[in-house]
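Colleague: What follows is the residue order along each chain.
Number of protein chains: 2
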Amino acid sequence: MIAEELLLEFGAEIITYTKEEYLFEEGKKAHYYFQVKSGEVKMNNFNAQGKEFIQSIFSCPRSFGEPPLFSDIPYPANAVAVSKAEVFRLKKEVFLDLLLKYPKVHLSVTRGMAKRLYYKAIMASEISSEDPEHRILTLLDYLKKDVHHLNEPFSFKVNITRQQIADLSGLRVETVIRATKSLEKKEELKIKNRKLYR
Amino acid sequence: MIAEELLLEFGAEIITYTKEEYLFEEGKKAHYYFQVKSGEVKMNNFNAQGKEFIQSIFSCPRSFGEPPLFSDIPYPANAVAVSKAEVFRLKKEVFLDLLLKYPKVHLSVTRGMAKRLYYKAIMASEISSEDPEHRILTLLDYLKKDVHHLNEPFSFKVNITRQQIADLSGLRVETVIRATKSLEKKEELKIKNRKLYR
DNA sequence: TAATAATTATGATTTAGGTCATAAATTACA
DNA sequence: TGTAATTTATGACCTAAATCATAATTATTA
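Sequence order for the protein chains is Y and A.
Quick note: the first sequence, position 149, residue 149 per UniProt numbering, numbers continuous.
Quick note: the second sequence, position 52, residue 52 per UniProt numbering, numbers continuous.
Hint data in this document are derived by calculation from the structure and do not stem from the laboratory.
Wrong hints could be hidden among the right ones.
Pairs count within a copy or across copies, as identical chains cannot be separated in the list.
[Stated by the list, open to error] Listed below are the simulated SDA-like cross-link pairs for lysine to any residue, each with C-alpha atoms no more than 25 angstroms apart in a straight line:
no., residue 1, residue 2
1, K51, D97
2, K185, E40
3, K115, D72
4, K104, M1
5, K104, S59
6, K104, G65
7, K195, N159
8, K104, D72
9, K186, N47
10, K145, P74
Start from the sequences and build out the full structure, keeping to the hints where you can.
Modeller: Encoded structure:
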């Protein structure tokens with residue numbers, strides 16, 4: 001996250017995307033630094049059969065899509081607005097210039113990438129080795145602790161749909177529905193009028 | 001990757017690990033920057049049933065395990081020597097100091113993390129959505145192009161075992177063996193006395 | 001160089017989770 | 001406020017890959 005004033009000072013634009021609109025596409029080169037101002041943006045992939053995999057969902061003040069700004073690699077996934085979203089957009093060259101001028105900002109960008117690498121490492125291991133219930137709990141615990149900074153049991157009202165949980169954990173929506181019901185029986189989750197609590 | 005002279009100048013130690021020896025463990029706090037000098041190191045997880053997932057395999061001059069140096073997160077996986085390995089080890093505080101003194105080094109460390117994030121994003125999507133043959137080809141193509149910088153067809157002699165391919169792609173070794181044979185029939189791979197070529 | 005371990009190989013069987021179909025409940029929106 | 005779309009829900013079934021068993025081949029090391 002980079003302070004809004006600093007972004008504007010360096011000439012960042014604020015762009016409004018409508019729901020489902022693409023910000024960039026898998027395989028393309030990166031030209032901008034992006035940071036969410038309002039709304040939500042997801043990064044995703046589709047396989048040949050049209051199954052979606054959501055890499056991550058970002059809301060204010062998260063940035064995303066930095067890796068290809070640093071290295072000569074294309075975007076590994078698309079970025080799509082989940083809802084109407086306002087996004088800061090800063091030209092690549094200006095962004096890199098900013099990092100050199102402000103080492104602390106560079107460090108905070110690095111810190112953000114470190115956290116995402118942590119999340120990816122955890123989910124890769126989960127998706128490859130764990131059963132649906134385990135995967136879902138790990139995902140929800142990550143969101144609860146590392147994103148929403150909550151600790152009390154059942155204090156986290158899950159704000160994503162079963163379908164999104166499925167797409168984030170590599171499962172199918174029916175499996176998520178069945179697994180969450182089973183987790184409710186085991187008192188790992190609460191379900192109050194269809195909303196999950198963890 | 002940080003130049004060896006610079007590492008030594010900042011007081012890095014060179015530590016020799018024997019095959020199978022642990023460098024650090026999942027869940028622990030990070031105190032050092034690590035960089036391979038010789039041999040190979042892998043990062044891995046084990047699930048409750050003992051199934052291994054390999055996050056990555058690192059050889060000279062790759063660094064690994066930086067994310068928890070930047071953010072207050074534990075190691076998401078173990079680091080284990082695949083073979084006898086010599087590793088540069090630099091104290092966390094000295095490492096961060098070095099980055100501030102040498103912005104270009106900071107940028108190259110960031111670049112390294114960016115590449116790993118790219119690999120993780122690709123593999124997460126593969127493991128979650130693709131069939132065994134697709135996963136294996138994506139993994140091998142990544143190793144071929146992005147690690148070994150090769151381009152010619154079948155110029156990449158795969159230097160990891162079927163078991164390691166399985167542990168990197170979330171499959172079982174029998175599945176990898178069957179899938180690679182099928183890929184050979186489709187002329188996507190060559191197999192010359194048990195070695196894979198891509 | 002003999003013994004042991006690791007790797008590759010192959011068939012038979014099992015099963016978890018995907019797929020398909022259908023519907024109720026809730027939410028969005030025109 | 002009524003209609004459409006989305007989300008949650010549930011049962012039946014099917015299949016891809018895991019599991020299990022067993023062995024040949026190659027590599028390691030004692």
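Colleague: Checking an output row: K115 and D72, CA cutoff 25 angstroms. Within, between, both or neither?
Modeller: For K115 and D72, the Cα distance is within 25 angstroms both inside one copy (21 angstroms) and across copies (9 angstroms).
Colleague: Is it within, between, both or neither when you check K104 against M1 at 25 angstroms Cα-Cα?
Modeller: Cα proximity of K104 and M1: in one copy and across copies (11 angstroms, 21 angstroms).
Colleague: Since the copies are identical, ignore which copy is meant and state whether K195 and N159 lie within 25 angstroms (CA to CA) inside a copy, between copies, both or neither.
Modeller: The answer is within: 8 angstroms in one copy meets 25 angstroms, while 49 angstroms across copies does not.
Colleague: From the Cα coordinates, with 25 angstroms as the cut-off, is the pair K185 and E40 best called within, between, both, or neither?
Modeller: neither (32 angstroms within a copy, 45 angstroms between copies)
Colleague: Treating 25 angstroms as the Cα threshold, decide for K104 and G65: within, between, both or neither.
Modeller: Classified as both: same-chain Cα gap 20 angstroms, cross-chain 21 angstroms, threshold 25 angstroms.
Colleague: When Cα atoms must be at most 25 angstroms apart, do K51 and D97 count as within-copy, between-copy, both, or neither?
Modeller: Cα proximity of K51 and D97: none, with 39 angstroms in one copy and 45 angstroms across.
Colleague: At most 25 angstroms between C-alpha atoms: does K186 with N47 qualify within a copy, between copies, both, or neither?
Modeller: between (34 angstroms within a copy, 21 angstroms between copies)
Colleague: Within a copy, between copies, both or neither: which one fits K145 and P74 at a CA-CA cutoff of 25 angstroms?
Modeller: Classified as between: cross-chain Cα gap 13 angstroms, same-chain 31 angstroms, threshold 25 angstroms.
Colleague: Within a copy, between copies, both or neither: which one fits K104 and D72 at a CA-CA cutoff of 25 angstroms?
Modeller: both (24 angstroms within a copy, 16 angstroms between copies)
Colleague: Evaluate K104 and S59 at a C-alpha cut-off of 25 angstroms and name the case that applies: within, between, both or neither.
Modeller: within (22 angstroms within a copy, 30 angstroms between copies)
In this structure, the earlier hints numbered 1, 2 are contradicted, and the remaining ones agree with it.
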